[in-house]
Every structure is written in C-alpha cells, then in structure tokens.
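Visitor: Start from the sequences and build out the full structure, keeping to the hints where you can.
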Amino acid sequence: MTDWSQAVSQFRSDAKTTATVSGNRGLQIEEPLLFEQNAPGRTGVDLPEPPAVRSRLGGITREGPIGLPGLAEPQVVRHYTRLSQKNYAIDTGLYPLGSCTMKHNPRLNERLARLAGFADVHPLQPISTVQGALELMDTLAHWLKTLTGMPAVALSPGAGAHGELCGIMCIRAALEARGEKRTRVLVPESAHGTNPATAAACGFAVDSIPATEAGRVDLAALRAKLGPDVAALMLTNPNTCGLFEREIREIADAVHGVGAFFYCDGANFNAIVGRVRPADLGIDAMHINLHKTFSTPHGGGGPGSGPVVLAESLAAFAPIPWVVHGAKGLELVERAQGSARGSIGRLKGNHGQMGMFVRALAFMMSHGSDGLRQVAEDAVLNANYLLARLKDELTPAFPGTCMHEVLFDDHFLKDTGVSTLDFAKAMIDEGYHPMTMYFPLVVHGALLMEPTESESRGSLDAFIAVVRALAKRAKSGDAESFHAAPRFAPRRRLDETLAARKPVLRWQPPRSDRQAAD
Amino acid sequence: MRYLPLTTADRQAMLAAIGVSSIDALFADVPEAARLDGFVDLPRAQGELEVERALGAMAAKNLVAGAVPSFIGAGVYRHHVPASVDHLIQRGEFLTSYTPYQPEVAQGTLQMLFEFQTQIALLTGMEVANASMYDGASACAEAVMMANRVTQRKKAILSGGLHPHYREATRTHARFVGFQAKLAEPDPEAREDLASEIDGATSCVVVQSPGVFGQVRDYSALAEACHKAGALLIVVVNEAVSLGAVRSPGAMGADIVAGEGQSLGNALNFGGPHLGLFATRERYVRQMPGRLVGETLDAEGRRGWVLTLSTREQHIRREKATSNICTNSGLCALAASIHLALLGEAGFTRLAALNHAKAVALADRLAAVPGVSLVNDTFFNEFTLRLPKPAAGVVERLARKKILAGVPASRLYPGKPALKNLLLVAATETTTETDMAAFATALAQVLA
Numbered sequence: 001m002t003d004w005s006q007a008v009s010q011f012r013s014d015a016k017t018t019a020t021v022s023g024n025r026g027l028q029i030e031e032p033l034l035f036e037q038n039a040p041g042r043t044g045v046d047l048p049e050p051p052a053v054r055s056r057l058g059g060i061t062r063e064g065p066i067g068l069p070g071l072a073e074p075q076v077v078r079h080y081t082r083l084s085q086k087n088y089a090i091d092t093g094l095y096p097l098g099s100c101t102m103k104h105n106p107r108l109n110e111r112l113a114r115l116a117g118f119a120d121v122h123p124l125q126p127i128s129t130v131q132g133a134l135e136l137m138d139t140l141a142h143w144l145k146t147l148t149g150m151p152a153v154a155l156s157p158g159a160g161a162h163g164e165l166c167g168i169m170c171i172r173a174a175l176e177a178r179g180e181k182r183t184r185v186l187v188p189e190s191a192h193g194t195n196p197a198t199a200a201a202c203g204f205a206v207d208s209i210p211a212t213e214a215g216r217v218d219l220a221a222l223r224a225k226l227g228p229d230v231a232a233l234m235l236t237n238p239n240t241c242g243l244f245e246r247e248i249r250e251i252a253d254a255v256h257g258v259g260a261f262f263y264c265d266g267a268n269f270n271a272i273v274g275r276v277r278p279a280d281l282g283i284d285a286m287h288i289n290l291h292k293t294f295s296t297p298h299g300g301g302g303p304g305s306g307p308v309v310l311a312e313s314l315a316a317f318a319p320i321p322w323v324v325h326g327a328k329g330l331e332l333v334e335r336a337q338g339s340a341r342g343s344i345g346r347l348k349g350n351h352g353q354m355g356m357f358v359r360a361l362a363f364m365m366s367h368g369s370d371g372l373r374q375v376a377e378d379a380v381l382n383a384n385y386l387l388a389r390l391k392d393e394l395t396p397a398f399p400g401t402c403m404h405e406v407l408f409d410d411h412f413l414k415d416t417g418v419s420t421l422d423f424a425k426a427m428i429d430e431g432y433h434p435m436t437m438y439f440p441l442v443v444h445g446a447l448l449m450e451p452t453e454s455e456s457r458g459s460l461d462a463f464i465a466v467v468r469a470l471a472k473r474a475k476s477g478d479a480e481s482f483h484a485a486p487r488f489a490p491r492r493r494l495d496e497t498l499a500a501r502k503p504v505l506r507w508q509p510p511r512s513d514r515q516a517a518d
Numbered sequence: 519m520r521y522l523p524l525t526t527a528d529r530q531a532m533l534a535a536i537g538v539s540s541i542d543a544l545f546a547d548v549p550e551a552a553r554l555d556g557f558v559d560l561p562r563a564q565g566e567l568e569v570e571r572a573l574g575a576m577a578a579k580n581l582v583a584g585a586v587p588s589f590i591g592a593g594v595y596r597h598h599v600p601a602s603v604d605h606l607i608q609r610g611e612f613l614t615s616y617t618p619y620q621p622e623v624a625q626g627t628l629q630m631l632f633e634f635q636t637q638i639a640l641l642t643g644m645e646v647a648n649a650s651m652y653d654g655a656s657a658c659a660e661a662v663m664m665a666n667r668v669t670q671r672k673k674a675i676l677s678g679g680l681h682p683h684y685r686e687a688t689r690t691h692a693r694f695v696g697f698q699a700k701l702a703e704p705d706p707e708a709r710e711d712l713a714s715e716i717d718g719a720t721s722c723v724v725v726q727s728p729g730v731f732g733q734v735r736d737y738s739a740l741a742e743a744c745h746k747a748g749a750l751l752i753v754v755v756n757e758a759v760s761l762g763a764v765r766s767p768g769a770m771g772a773d774i775v776a777g778e779g780q781s782l783g784n785a786l787n788f789g790g791p792h793l794g795l796f797a798t799r800e801r802y803v804r805q806m807p808g809r810l811v812g813e814t815l816d817a818e819g820r821r822g823w824v825l826t827l828s829t830r831e832q833h834i835r836r837e838k839a840t841s842n843i844c845t846n847s848g849l850c851a852l853a854a855s856i857h858l859a860l861l862g863e864a865g866f867t868r869l870a871a872l873n874h875a876k877a878v879a880l881a882d883r884l885a886a887v888p889g890v891s892l893v894n895d896t897f898f899n900e901f902t903l904r905l906p907k908p909a910a911g912v913v914e915r916l917a918r919k920k921i922l923a924g925v926p927a928s929r930l931y932p933g934k935p936a937l938k939n940l941l942l943v944a945a946t947e948t949t950t951e952t953d954m955a956a957f958a959t960a961l962a963q964v965l966a
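Chains A and B, in that order, give the protein sequences. According to my numbering, the first sequence is numbered sequentially starting from 1. According to my numbering, the second sequence is numbered sequentially starting from 519.
Calculated directly from the structure, the hints in this document are not laboratory data. On a predicted model such as this, the values are computed, not experimentally measured, just so you know. Don't be surprised by glycine CBs; every beta carbon is placed ideally from N, CA and C. Misleading hints may appear alongside valid ones.
Claimed, not checked - Here are the simulated DSBU-like cross-link-like pairs (lysine-lysine), alpha carbons at most 30 Å apart as the crow flies:
{"no.": "1", "chain 1": "B", "residue 1": "Lys-579", "chain 2": "A", "residue 2": "Lys-328"}
{"no.": "2", "chain 1": "A", "residue 1": "Lys-181", "chain 2": "B", "residue 2": "Lys-700"}
{"no.": "3", "chain 1": "B", "residue 1": "Lys-672", "chain 2": "A", "residue 2": "Lys-181"}
{"no.": "4", "chain 1": "B", "residue 1": "Lys-579", "chain 2": "A", "residue 2": "Lys-145"}
To be verified - From the derived model, a few chain A residues whose C-beta atoms are all more than 12 Å from chain B:
{"no.": "5", "residue": "Val-21"}
{"no.": "6", "residue": "Ser-55"}
{"no.": "7", "residue": "Gly-179"}
{"no.": "8", "residue": "Ala-221"}
{"no.": "9", "residue": "Asp-229"}
{"no.": "10", "residue": "Thr-395"}
{"no.": "11", "residue": "His-411"}
{"no.": "12", "residue": "Arg-473"}
{"no.": "13", "residue": "Asp-478"}
{"no.": "14", "residue": "Ser-481"}
Guide: Below you can see the structure in the form of structure tokens.
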C-alpha cells in the first residue's frame, strides 16, 4: 500500500491548488443527500385534503413518522440534475465497457414506450382490451425467432441472468420429462459469473472447461468432461474474449451426442445478428439481452429484459404466460395446463418487460433486416479497427482478428508500476469511461474494449490516440500520474475496503439529532 | 441508416487499416454452413415516421386505463406520477449509463441508490434495503431462498393471502432450486392461522400486507411464532403506497420484506418493467441477493459511494453467489426515489390517506348495489366484492361500456370455481366521484 499512501499525499498537495471555498469545482457541484435538505411538512406534490372517513384499516396503522425528507419541486429537480451531472453515460461519450454493449439509445424508442396505449395499460385488463399489446409481443417474438432461427421464445424473463435461469430450468424440466436426473453443467472459465451462479442455483454442480491457447473452448477437454451425467453446456458465443468459437458445431454435436443440451449466453448476439442464426450453430436455448443487442437503455443498472429462444425440444417447457393465436384474436395462456401443461410455470409477475419490448421492437424495425446485419458488421469493424491501431502499443491477448470486442492483457504494463486498474482510472481523466477490467478471468490483467456500432471513425481515432499516449506514458516511467488518477472526476479513488469493512448502507440522522429525538 | 455513423468510405479505409479486403474476412471463423448470405426474412429499415406509425397503430388498439374509469389493481396500481419524475429519469446521464462499476464517474447513480435504499428501509421499517430486484414476484422467490440460507431449512409456507403470481413464481423456483413451497388455500376472508403450520423444518412463512384480497392484518403474533420456531417471517408488500398508512412490516417483526414498488413513480406498462423491493435486518445483510451501495471516502477524504459487499454476488463468487441476479431495475428505482422525494413525509402520508378514503367511499357505494356484498372487514385501497354471478363475465360486459371494473378472482385463480364470483376492486387518488358513480350505475345495470 506504499504506492497508495504516496498517491494520497500527492492528491493532498494537488488538492490545495484546486481547493475552492464551496468544495464545488466549476460545473461539478457538491450535492447533499435528500435527507440533509429536509424541512418538516414541506412537499413537492400538492394533494387535496383527504375527506374524513371511518378508517377500515382495523387499527393496524403506522405509528410514528416514517422519516422521509420534505423538499419542494425546485429542490428535487435541482438535486437530481446535479446528481446526473456526476455520471458518465453513452450520451456523453464513448463507453467501451466490453461485454456490456453500451450503444446509442434512440429517443424514438423512449417516445413510443411512453405512448398511453402501451404505458397506461394494466396487465390484468380483459384480453379483449389489450389486443395491440399482445400484437406487439407477438411481433417481437416473430423478429426474435426469425433472427435466431429458433421456433419458440419465452418473453417473460426480467434480464439476461433471469433468462439464463429460465433456460436452465427448461433444460432440467426436459430432462425430467425424459426421466433423467443429470447433475453437472459445464461452463468455460471465461464465462460471465451469472452462468455458474445460474447453474448452481438450479441445483447443478458446475464443472469448468479450460480454454485453448487461442482463447477458445478446448474441444478435447470438453469431450473428456462430457458424460451421461452432464445436463448442459453453457457457452457464450462470440465468447468473452471477443472470439467466435470456430468449432461450435463440433461442440454442439459432442454435447448432443451425450444427450445434453447446448445453452448459449446470448450477451454477445450483437456481434452476429443478421449474419448468423444461432439455430444453425446447434444451439438449444439462448437468452437475448434486449438492452445489449437491441439497445434498450441500461438505466444505470436496469431494467433489462431477457427473452429466451428455445429449440423444439424445449419449447413445451417455456414459462407462462404464452401469447397464442386463438379464435378471437390473440390470447394469453396464464395457466400451466392444456397445451401449456409442460410449462415450468411462472418466473415473475405479469407478462414480461413490456416497456423494453416496445423499445427493442422499435430498434429492430428502424434497422430492418439490412440495418441489423450492418449493426453486426460495424460493431465488428469498429472493434477490429481498435485492435489494428492499438496492437503495437498494447498487447492483444490472442492473435488474429476479433469479433465485436477486443481483449488485451497487461503485458504491455509489465515492470511499469502501472496496473490495469491504474490505466483504467487514467482513462477517466481523459474523459472516457474505462474499458472492462480484469474480465474475463482467463487473461492476466484483462482490458476488454467494446466500441459498438454507434461510434464514428473520428470518435474511435480520438480514443485510440488517448489509449496510445497513455500506454507510452506508462512505459516512460511516469507511474505516479497513473496512481493519482483520476484527478478530474467528481471523486478520486474511493476506499472500497472501508465500505465493505464497516458497511454504511443507508443514511442515519446525526447522532445528536437521534438523541434529541429520544 | 440514421443510427450508424460509419460511411462507406470510412468502412473501406478501416478495412484497409485492419489489412483485410472485405468485412466477410472478419467473420471467417463462422462455420461455412452457418453463414447467411442474404438478409433474414424481415422488413427492411424504416424511418422514424414509419416506425412511429406502425407501433402507434398497435398502441391505438388497446384500451388506455387512464382514459376510462379504472379500478384494476391486484399488485399493479395506477397512481398519478408527477411530471418532473419522467423528465428527470430521461436525463441521458441516468438513462444511458451502465451499472456503476466505476464509482468515480457514477456518483450520480450511486448517491441516488443510497438514497433509495434509505427510503425503502424507512418505508418498510427495516434496517437495510438493496438497490432493487426485477419485480415483486421474483423478489418474493429470492426472499424465500435467502430464508432457506439463513435457517439452513428448506420448507416455506406461503399464505393464501399472497398474490398468486408471487406464489407461482416461488413454486417454480422451489421445483428447480430444490425446496418445498407449501401453498395455503386462497383466503379471501383472512381467516387462516399459519402459526399452527410451522414446524422444525420451516424456514419461513410468507404473508402479504395488505393481502391480495385487500385484507389488512397484524402479523406480530405470527412473527413471534416464527421466531420461536427458528423460522423467518417474510412480509410481501405490493402496494407501496399502503406503507404511508398501514403498520410497517418492520414494526410487525418481519425479517425480510419483498415488495413491488411500481406504485411509486412507475407506470402500469402492461406489467413491466416494474420495481422489486428487498429489505431485511442488518444481521442478514451478507445473505442478501442483489446490489448494495455503501458510503465511503475518496482519497481526498470526501464522502462518496460505491457498490459494496460484492463478495455475495455472481461476478465475484460465481457458483457460490447468493443469487444469479445482475441487472436489476435501476431506472425504475430512480423513478420511485424521485416520486418519494417529491412527496416527502407530508405528501406520502397524505397520498396514503387519500387512497384509503377513496377506497372507503367506493366500497360503501358498490356494496349498496343490489346483490353485491363486501367480503373484507379491513382494507387499504383495494377490496373484494362478492357478486351474484361470475365476475369475469361482468367485467367483460363493463369493459364494453368502457369501465375497467377490477380483476375477477377467476383470472388469478383459474382452478378455483369457489372464487369465481369474487371481484377485486381498487381505488387510488386518481379515482373521481364521477368514476365511482359510473361504476356503481353500470354494475347495477349489468347485474339487473
């Protein structure tokens, strides 16, 4: 930790020169918590006085104040506007977070999701009054099925990881229907953490598959692990190293050869949409993160949406509700019986992330079959352009070209005293969100960059110039400036150890106030 | 294509810089048999105007709840959302940012979530709340799995007053995760006594406050019975506004609160996205699912926030994580937090009182319709009516008269003919005198 304390003393001396009376720095304004702006009785919503009625709460009423702060509307608007200004966003700049796919979020999609005919419709209205909503779901399903070549899709999962849960549950149900109890799920070392977490949640033992020198699944090692007790392989393709699994059809054959299912993590479908149909790769189930490939906004951590496309062998197990064509138009199957008797049941409330369905369908229809293919091509082109222009200064993790994201390891930082973390934090000072760091785990000090199709060549060139210059600076022995980074963000490095050691997970009134209240 | 900045000249120059002759070379790893030569069989690109027309036409086929008298609730409630909520959540810095993995450039989202966690802890009467889940039903299933971890037991007892979607989602998880979910019979009159069902294998009892049929109950004694047997009490709240009037789960002795926060700041959205709430006692925090934001200091000693206790989570712990959840409902949490900030203590408690008053007026009015009786002896803003004939047909006929009359119990309990005459009816601050009069009149006509 010597480096750290040196860096801190460096900050402190910097801080003197940049100190202001208010603590604000130009447009970066310090904003207290809502709770620190409280005036009792104040409100930002004018509601009528409730008429006096005989309470029907049965005396089971709240005792004492809740403790919510009182603010007027101007204060609230300013509070959240100031908070927003402390965030990096795809609207403010290139967001090269590999595996996360931060692409432009068209505002048309926001407008359409807010149409009263979608946003102000209750999920439990009579089916006769929601035919347009069901038509939208059915149309989205058609696009997803056509783009993937799969015969069925479960729309309800709430995000990608929820889709994984859905897929693995369907696989287990299918195995049970065959009278089989298999116990293992195979997951490559480079997988997203959600894959092993999902398999374990569904009661499977997780068995790790090593990668080859070329960053792909080791087919021989996979074959050696396959057996009659294997339920499924969970594989991301293109994988998290940004590489297409060349032997994917051999992998699929091997998996099917022992009677297991092939689950694909579709987080990287954006690399191949319109050019490759997962069905043609031998995949049995795949979730699609609508917030990645089809650009529903990520919102600082959701909401997402994770529809799962399913092969014929799994379709009967899809969770309810199902949208089906009936005699009187579109219908919702909300009960696991009749044609849906094989369904795994319900995974969440209601019918799925409708607001995200509207946005995703608008994105698909805007691009069309031609534009979506171009999306994949431009995403792959942009990533390879980064690779080509950075490969002599940084160290690519694997030889050859990449798909939609490019992976570097930290060899280029060897003996510089600069870590991947330091490098990422220096990116912040240059006005960029850092790339994904230390993931995937198969590469030392990983830096994973995904520019997406949304970036212009000019934007990439500017980014490339910064990354190259920083790499040069690191190699020149100027480690100190990296350790001190970031210097120009709303906060400098935050002490995550302190946060975890003594968790403060909510605001509390100052001790003196609490004692006074007692 | 309006969303793609690369020009044909750019693409050519970039391919040259890469050193390949065509884009196809970059897809060379794709097996030959899986390469699509042409476009998939879907329509080609369209302009904004065309897409807006096509989706606008679909939207126009739905009956908009706000355009007619609407009394549908059952876990999803139509409240007035202040204009500034939707304006603020559309600020690009909130809307188009990722999960706050890089705290120095995500303090806006992190501070907001810290405030949200505090607000939810206060409302539920619990010590800590997380940064959100997908929705109430999935949060309920996660709460049961957490109780199983805490108690090292595998049997959950689910109340007959718990929303059927929550029961079904939990039952689905039970089958595949490997625990027992014992479902009590639907309980419109809130007569069940679950304390007698608890045994040494019980990990938790799950109740809903107010119940799906609207009943308000005090679960303090049930909490005691749970604790005596080493089990946890999980209280589900799916009308968050009720927390401004009804005794909080924390005050009743709940160990975990799983809930739905859609009522705060979020639209009906035909069922999603909504906002899963999750709160518990401090001693169980390391068994919680989902993201948590904690306070800390930066290198200059200034207060700031980070994602914390990540060693519970899938991206660190992989197969040993407490849950597989990753993306949650961040923007919905922001909407809820802004709505609560605007309301404040005074506004929130008044909103709750207003909802209750409207529901009382509506219940009295509808119970006076010949043949109709009120099932509930207690309720907050939703109650159950017993009709003289099956409710589904009545609701369908009222829908033709442009009144959304509520949820027939048969929609939620298709396999329970004994409940087919029951109708769940909700009122909120958006319900007007005129709406109530129209409903009462039309109901009397349809039943006559």
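Visitor: Next step is simple, just say for each hint if it's right about the structure.
Guide: Outcome of the hint check:
The suggested pairing of B:Lys-579 with A:Lys-328 holds, with an alpha-carbon distance near 14 Å, which does not exceed 30 Å. As the CA atoms of A:Lys-181 and B:Lys-700 are separated by approximately 24 Å, the hinted pair is consistent with the 30 Å bound. A C-alpha spacing of about 20 Å is found between B:Lys-672 and A:Lys-181, which places the hinted pair at or below 30 Å, so the restraint holds. With a CA separation close to 24 Å, the supplied pair B:Lys-579 and A:Lys-145 stays within the 30 Å bound.
With a cut of 12 Å on Cβ distances, A:Val-21 stays outside the contact zone with chain B, its closest approach being about 15 Å. Interface exclusion of A:Ser-55 from chain B breaks down, the closest Cβ pair being 7 Å apart, not more than 12 Å. For A:Gly-179, the requirement that its beta carbon stay farther than 12 Å from each beta carbon of chain B is met, with the minimum near 16 Å. Every beta carbon of chain B lies more than 12 Å from that of A:Ala-221, the smallest distance being close to 19 Å; the non-interface claim holds.
Even its closest Cβ contact with chain B, about 17 Å, leaves A:Asp-229 beyond 12 Å, as expected for a residue assigned away from the interface. For A:Thr-395, the shortest C-beta to C-beta distance to chain B comes to about 18 Å, beyond the 12 Å cut-off, and the non-interface label holds. The Cβ of A:His-411 lies farther than 12 Å from every Cβ of chain B, with a closest approach of about 22 Å, so its non-interface assignment holds. Taking the minimum C-beta to C-beta distance to chain B, about 19 Å, the non-interface status of A:Arg-473 holds against the 12 Å cut.
Here A:Asp-478 stays apart from chain B, with its beta-carbon at least about 19 Å from theirs, past the 12 Å limit. No beta-carbon of chain B is positioned within 12 Å of the beta-carbon of A:Ser-481; the least distance is around 14 Å.
The structure fails hint 6 only (numbered hints given earlier).
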